[in-house]
Amino acid sequence: IRNLLNIIIHLYVCLVSLVSAMNGVQLLGRIGQDPIIRQVEGENPVTIFSLATNEMWWTGDSKLGQGGDISQKTTRHRISVFRLGLKDVTYQYVRKGSRIFVEGKIDYGKYTDKNNVM
1 IRNLLNIIIH LYVCLVSLVS AMNGVQLLGR IGQDPIIRQV EGENPVTIFS
51 LATNEMWWTG DSKLGQGGDI SQKTTRHRIS VFRLGLKDVT YQYVRKGSRI
101 FVEGKIDYGK YTDKNNVM
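When the letters of the sequence shown are read in order and numbered with UniProt numbering, they come out as residues 1 to 118.
Among the clues, some could well be false.
To be verified - Lysine-lysine pairs mimicking BS3-like chemistry, simulated, CA-CA at most 27 Å apart:
hint	residue 1	residue 2
1	87	110
2	96	110
3	73	96
4	87	105
5	105	73
Said to hold, decoys possible - Distance ranges between label pairs, derived from CB positions:
hint	residue 1	residue 2	range
6	3	88	18 to 24 Å
7	42	78	18 to 24 Å
8	9	108	32 to 38 Å
9	6	56	50 to 56 Å
Bear in mind the hints are in silico, worked out from the structure with no lab data behind them.
Each residue gets a CB set at the ideal place from its N, CA and C atoms; glycine is no exception.
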């Protein structure tokens with residue numbers, strides 16, 4: 001029984017370690033400009049577009065419907081699509097002003113295209 005308990009504890013620790021770190025993002029917003037295709041040196045082409053998301057909130061002590069002001073913040077995200085097939089569909093069908101949902105991960109890697117533009 002002690003051996004079984006040690007195995008269960010080990011599996012639990014491994015599971016917690018896997019779940020305790022996550023890199024996932026979900027965004028819903030509007031396209032800021034038509035997608036472009038960039039050639040990354042030594043890599044397959046990538047489709048890039050900007051996505052604007054809005055955050056709105058009530059300011060002051062007022063409640064909904066009882067006066068007060070609504071504040072808004074727009075955040076622009078640069079989205080890069082690397083997956084074969086998906087990047088072509090994105091380039092073909094996504095247009096400025098389209099409302100889309102994006103799910104992916106954050107990667108702060110630096111990429112340089114054939115003109116040495118990052």
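Numbered hints the structure breaks, given as an ascending list: The structure conflicts with hint 6 only, although it agrees with all the remaining ones.
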